[in-house]
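J.: Could you put the whole structure together from the sequences, leaning on the hints where they help?
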Amino acid sequence: MIAFVALLCWVSALLSHGLLQPKIQRLLGIGNRHGGLLQAVRCVLPVVALVVCLRQSMPLALLLWLGMFSLGGLLAGGVLTLASVRARKPRVGA
Amino acid sequence: MRDTLRNRMGWLHSWVGFVSGLILVVVFTGGTLAMFDTEITRWMQPELAVLPQTALTAEALNHAGEQMQALQGAGQMAFLSLPSERDPVLRILHYDGHAFVGPALSPRDGADLNVRQTQGGQLFFDLHQSLYRGPVWGNMVTEIVAIGLLIAVFSGLVIHFRNLVPDLLLFRPFAAPGRSWLDAHLMAGVLMLPFIIMITYTGAVIHGPRLFPMISNGHGGKAANRAGPDKAHGMASAAPLAPMWEQAKAVFGEGNIGFIRFEPRTISFYRSDAADFVMTRDHVDFSPRDGRQIGVKYGERGIQALGGVMRGLHYARWGTTGLRWLYFVCGAVGSAMMSAGLVLFVIKHRRAHGGTVKLALAEAFTLSVTLGLPVAALGFLWSNRLIAPSLAQRDLLEAKVFFLLWLCLLLHAVVRSGAGCVRAAWREQAWALAVLGCGLPLLDLLSRRGSGWTPQLDVYLAVDACAFGFGVLAMWGQSMIARDR
Chain A
1446 MIAFVALLCW VSALLSHGLL QPKIQRLLGI GNRHGGLLQA VRCVLPVVAL VVCLRQSMPL
1506 ALLLWLGMFS LGGLLAGGVL TLASVRARKP RVGA
Chain B
12 MRDTLRNRMG WLHSWVGFVS GLILVVVFTG GTLAMFDTEI TRWMQPELAV LPQTALTAEA
72 LNHAGEQMQA LQGAGQMAFL SLPSERDPVL RILHYDGHAF VGPALSPRDG ADLNVRQTQG
132 GQLFFDLHQS LYRGPVWGNM VTEIVAIGLL IAVFSGLVIH FRNLVPDLLL FRPFAAPGRS
192 WLDAHLMAGV LMLPFIIMIT YTGAVIHGPR LFPMISNGHG GKAANRAGPD KAHGMASAAP
252 LAPMWEQAKA VFGEGNIGFI RFEPRTISFY RSDAADFVMT RDHVDFSPRD GRQIGVKYGE
312 RGIQALGGVM RGLHYARWGT TGLRWLYFVC GAVGSAMMSA GLVLFVIKHR RAHGGTVKLA
372 LAEAFTLSVT LGLPVAALGF LWSNRLIAPS LAQRDLLEAK VFFLLWLCLL LHAVVRSGAG
432 CVRAAWREQA WALAVLGCGL PLLDLLSRRG SGWTPQLDVY LAVDACAFGF GVLAMWGQSM
492 IARDR
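Sequence order for the protein chains is A and B. For what it's worth, the working numbering labels the leading residue of the first sequence as 1446, then goes sequentially. For what it's worth, the working numbering labels the leading residue of the second sequence as 12, then goes sequentially.
Since the hints were made in silico from the structure, they are not lab data. Heads up, the beta-carbon is just placed ideally off N, CA and C, and yes, glycines get one too. The reader is advised that the hints may include incorrect statements.
Unchecked claim - Output of the computed footprint for chain B on chain A, the stretches with three or more beta carbons under 8 angstroms from beta carbons of chain B:
1) 1475 to 1489
2) 1511 to 1519
Unchecked claim - Going by beta-carbon spacing under 8 angstroms, a handful of chain B positions derived as facing chain A:
3) 20
4) 169
5) 172
6) 178
7) 179
8) 180
9) 188
10) 198
11) 202
12) 203
13) 206
14) 288
15) 326
16) 337
17) 340
18) 344
Said to hold, decoys possible - For each label pair, taking beta carbons as the anchor points, the in silico distance ranges come out as:
19) 1475/A x 15/B: 34 to 40 angstroms
20) 1527/A x 108/B: 45 to 51 angstroms
21) 1492/A x 333/B: 20 to 26 angstroms
22) 316/B x 1484/A: 40 to 46 angstroms
23) 1480/A x 186/B: 22 to 28 angstroms
T.: Right, here's the structure in full:
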C-alpha cells in the first residue's frame, strides 16, 4: 500500500513536470494552462511520497522512495509518449 | 570552453560506454536474473513442486548432520543450507567453481528428495559477479567495467546537463531512429540514475579489495582461509545438530539461521543474510564432539560494518519480494538503457564506417549481448527440462548449452552483420526470443505433467509469466523493426 501511494504521488508529480515542459507541450499541442497548479503538484507530491515511505524502516524507506521515482517516471513517460503519438496522428493525417 | 569539455566528454562517454557497455549489459542482465536466483533454481528442480510445505524438524536436521558427518569423513568440504521462505528445503552444498550445488533434503525427515542437479539461478549470479571466469580475472574485469560505468555516467551527465531535467520524460518514437534511441537512452538513464549509481558503487566497493590490494585486509577481501578437513584431529561431527540449532536460534532469533558450516574443531551456525539489512557473517560455534556452545562471533562492527551495509544494499537479501521485484525491474531497464547506448554507438558510426569489418563486429557484439544473452538464458531453462533428470553431470551440460547457444547466436550475428543484413539478424534473434519465451510455459506444463502440475501462484508461474512476457515483448520488437524497414 505504501509503495502504491508513493508510486501514485511520483507518477502525478512527474506527469505535472512533463506537462510543464515546452517541448512536450508542443508535442501534445497544448498550451501552458494550469501552470501554477502543475508546479505545486510537482513540488509537493514527491515530499508526500517521501513522508509516506518514511513509515517504513530505513533504508527500505529511501530505496522505496527512489525506486518509485524510477517506476513512476517510466509510467509517466509512457503516458506522455502515448498521448504524444495520439496527438500526432490527426496532424499527420491532415 | 564548455563545448570543448562536452566534446571531450562525448568522446569519453561514447568509447568508454561502448567498450564497457558490451560487458556491462551481460553483468546487468546476469544480476537482474540473479535477484531471483533461488527461485530460478527451484523452477529448475520441478521435483520440488509437489513437496508439501513443512517446517524443519529436529529429526531432519539430525539426519542431515549424519550425512554431513559422512561427507566430512570422506574429506569433502560442504555446508548445510537451512530451509527459508524462499527455499523450503535443506541443502547439502559444495562449491563447484561456479555455483553451490548438491542434494536437497526433506525438511520433514532429512531424506534425499532426488532433485535433478543444476546450477540453477547461480549461473546468472556467477555470470554477474565474474562473467563465469572465476574469482580473479572475472572479478577484476567486472570491477573495471563497473568503474567504466561510473565514468560513462559522469561524462553522460556533463554532456546532457542542460537538458536532463527538461527532457526527463521526452520520448519520441516517431522521430528518426537515432533520435528515438537517444530519447530512450536518456530517459531510462536519468530515471534509473539513483539505482544505477547505488548498485554500481556498492558492487565496485564490495570487490574493491581485489582490485586494490593495498586497501585490502591482506586476503583479497575474502574471509580468511579456513583449514580444510583435518584428519589428524579426527574430530568429525558426532553430536546431534538439533540441540545446537535451538541454542543458535536463542542467539539470532527464530528463522534467522542461514546455514551450518562444519569445521574440524567447530560446527558453526551462521546468521541468515535475510535476517538484517547489514550483511555480516555472525555465527555461533559449537563443539562437534559434545555439542557444547563455544562462543558467538560477531563480524564487522563500527566503521567496518560499512562493508556489510554495501553488501546489504547490493544483494538485497534482507528485502521483501516486492523490493526484489523493484531491483529486477530497475536492473532490466538499466540493461535496456545500456543496450540503447550500444545501438546509438553503432548507428552513429554507420555513416563513416558502414560496410567495414570493425562495424560489423560492433553490430554483432551489440546484438549478441542485447538479444543473444536472453535467448541463451531461455535456452538454459529449456535444456533443464529437456535433458534427462538422472544424467550424470547434467548441471555442467546445462551450462554448456547456455554458452554454446550464446556462441551460436554471436556467430549468427557476425555472419548476418558481415553480409549487411543486420536488421534481419535482429528480427531473427527477436523471433528466437519470442518462440523460446512464449513456449516456456507450455514446456513447464508438459514436463511437470507427471509430477503433479497445479495452477497456483508460485515460483513456477512467476518464471513462466516472465518468460512469456519477454517473449511477447520480443515479438512486438521484431514487428517494429519490420515496420521501420
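J.: List, from low to high, the hint numbers that the structure doesn't satisfy.
T.: 1, 3, 4, 5, 9, 15
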